[in-house]
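Chemist: So the sequence lines, in the order shown, correspond to chains A, B and C. Residue 6 is where the first sequence starts when you use the numbering used here, and the numbers rise one by one after that. Residue 6 is where the second sequence starts when you use the numbering used here, and the numbers rise one by one after that. Residue 6 is where the third sequence starts when you use the numbering used here, and the numbers rise one by one after that.
Just so you know, the hints here were simulated from the structure itself, not pulled from any lab data. None of these values were measured; they are calculated from a predicted model. One thing to keep in mind: the hints can contain errors.
Copies of the same chain look alike in the list, so a pair counts if it works inside one copy or between any two.
Below are the DSSO-like pairs computed for lysine-lysine, each with C-alpha atoms no more than 27 Å apart in a straight line [said to hold, decoys possible]:
id : residue 1 : residue 2
1  : Lys182    : Lys54
2  : Lys160    : Lys54
3  : Lys52     : Lys182
4  : Lys152    : Lys48
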Amino acid sequence: PAPARVLSGAAPAATEFVGTTALGDTIGLVIANVDPQIHELMKFDPKYKSIGIIGDRTGAGPQIFAADEGVKATNTEILSIELARDTKGGAGHGSLIIFGAEDVSDARRAVEVTLGEVERTMGDVYGNEAGHLEFQYTARASHALNKAFGAPIGKAFGITVGAPAAIGVVLADTAVKASTIDVIGYSSPAHGTSYSNEVISTFTGDSGAVRQAIVAAREVGLKLLGAMGATPTSTTTPYI
Amino acid sequence: PAPARVLSGAAPAATEFVGTTALGDTIGLVIANVDPQIHELMKFDPKYKSIGIIGDRTGAGPQIFAADEGVKATNTEILSIELARDTKGGAGHGSLIIFGAEDVSDARRAVEVTLGEVERTMGDVYGNEAGHLEFQYTARASHALNKAFGAPIGKAFGITVGAPAAIGVVLADTAVKASTIDVIGYSSPAHGTSYSNEVISTFTGDSGAVRQAIVAAREVGLKLLGAMGATPTSTTTPYI
Amino acid sequence: PAPARVLSGAAPAATEFVGTTALGDTIGLVIANVDPQIHELMKFDPKYKSIGIIGDRTGAGPQIFAADEGVKATNTEILSIELARDTKGGAGHGSLIIFGAEDVSDARRAVEVTLGEVERTMGDVYGNEAGHLEFQYTARASHALNKAFGAPIGKAFGITVGAPAAIGVVLADTAVKASTIDVIGYSSPAHGTSYSNEVISTFTGDSGAVRQAIVAAREVGLKLLGAMGATPTSTTTPYI
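Excised from the complex, chain A in its bound form:
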């Protein structure tokens, strides 16, 4: 995996720049006072004159789970989360996440926290030449996960992602059979994704149950994706 470059010494002379990491080609930016014309077209509440911005080519889950820590740690709101069909020729999404704040220092801090978390949240992203798997877990979901996935705030929450989507179907079924969880969502290429080649399942429950569901799905997923090519490897270090 490529090393993270967060707030490196080579920062460009642009006031909007916060940092970048090569993980997923992720960049963090901030605008202290969004221009009123742009602000209106974005349809955001005018009170959030400062925005923090996370964008990337590869990954929605990793950046959204990271942003969930960003919003927990700061006085910000999640204004929007949009998923592009990207991953640089891969099967999944890139993302655009916007934090709102009344004070630019809060927006900047949310972006910094998010960039710092991506190393961890890329840990249960596994890939080979045929596709990818992603698993995420939090003991306590906050506003980013609520906005993106309808996660109940303050509850344990997890997701499974399989690409090609066929594998994601089996992950969803395996997770719910392995544990007592409540499935919140099931997204597929034509329903709930941006036409990515993924099935994404999302669920809540007791903290231990959510983890157990993920662990079971991960075990099956690695076998199935591995049958299509090389043994799938973690992007960084597994955390679940």
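On the provided structure of chain A, position chains B and C as indicated by the hints.
Modeler: Just chains B and C now, with coordinates in the frame of chain A:
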């Protein structure tokens, strides 16, 4: 072209695994008893407790025409066909096809038949560095082609696909001028595709007329795509 | 950058072929008399029996600004502009542009003019391994820009595009702060694009103001995208 690996000896120790082929990175899976929570989110009729799953990174037409043979050969229904925007950086779709059955052996058999047909249905997929062409033909359309394209069941049916989409426009026009066919559909990047860079035309008619339309379109398509790069080559062996 | 191959000696023996350029894998085609079945499915006014077609894998802005010159120079109409999610694994769009004409020579000429302009309109497209930037400017927008972006006909018009989309947010904000312009549109991955990983802003105003906005945005954009990888380079030669 990569060799097919169907039901190879290296099958993973997962009960859901049926087989895989490197053609289009296609995998076949089965779930004997879909979990009720997932089943409901999929919005499938509960009587189909077993599902067969075909998923791939590259190809919708080849897998759908293959699945049409799968559904003809077995006691299954096509529950859903979804097209991802994929092809690993190419201009087209990947797909997710789900068969429903009351008995798991039927679902498994439908998946096996489909995997076995992909070698043939990749035969009139031609590509070079600039794009691709696809032609498919059947003398007798069944439920997969009806579900995906509105093909009249039991009738001859064909499709032309050109990418970049501009070439697909000429294929559609050439096909219908070359023969007495009834055009059923015309899909383009913003209408009827998952934003793929393709124009897809679909048509029915007498068996000979459908073939004649395809042969004429194929001849023009190979010239036009060839003008953008190398001579387009078949993925396996042409069958039309 | 790859050299343009417009109307080269190796033109294929297909009456529909007009020319091609390796820039963006762009092809130009013409159909003298569109078949009535296809014409009806395309939903075009029957009086335009001849159509000119521009299609490409990489680029919407460059081909649309080029087509704007094509429509200015000929007796044609823009019948449709569709954006595929493409760029061969990149973050943006490919396009399909259709001109209508009552006389095939007009359709052919519009396509020729468009192909000839792509060399210029690729000039302010900059890329590196992480993403791309695009800037376009015209002193006088015509029907292609009106159709695609709602540009006011006869007025100066410009666009900024940044990918990943996070950079495009800053470009939009920078452009409008740098100059007195009227923002017409703001598109993002989930709103107004074909799920590309871009933010596209479009604006009008005095000719000098539109250029000034673009120049300011370009300066910031090159710094930000450069922070994610190599120094972004022009695809051909900058024209703004």
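Chemist: Cα distance capped at 27 Å. Does lysine 52 pair with lysine 182 within a copy, between copies, both, or neither?
Modeler: between (45 Å within a copy, 19 Å between copies)
Chemist: Quick one: lysine 152 to lysine 48, C-alpha cut-off 27 Å, is that within a copy, between copies, both, or neither?
Modeler: So lysine 152 and lysine 48 pass the 27 Å test inside a copy (16 Å) and across (24 Å) alike.
Chemist: Since the copies are identical, ignore which copy is meant and state whether lysine 160 and lysine 54 lie within 27 Å (CA to CA) inside a copy, between copies, both or neither.
Modeler: neither (30 Å within a copy, 31 Å between copies)
Chemist: Can you tell me if lysine 182 and lysine 54 fall within 27 Å by alpha carbon in one copy, between copies, both or neither?
Modeler: between (46 Å within a copy, 14 Å between copies)
Hint compliance for this structure: hint 2 is the single one not met.
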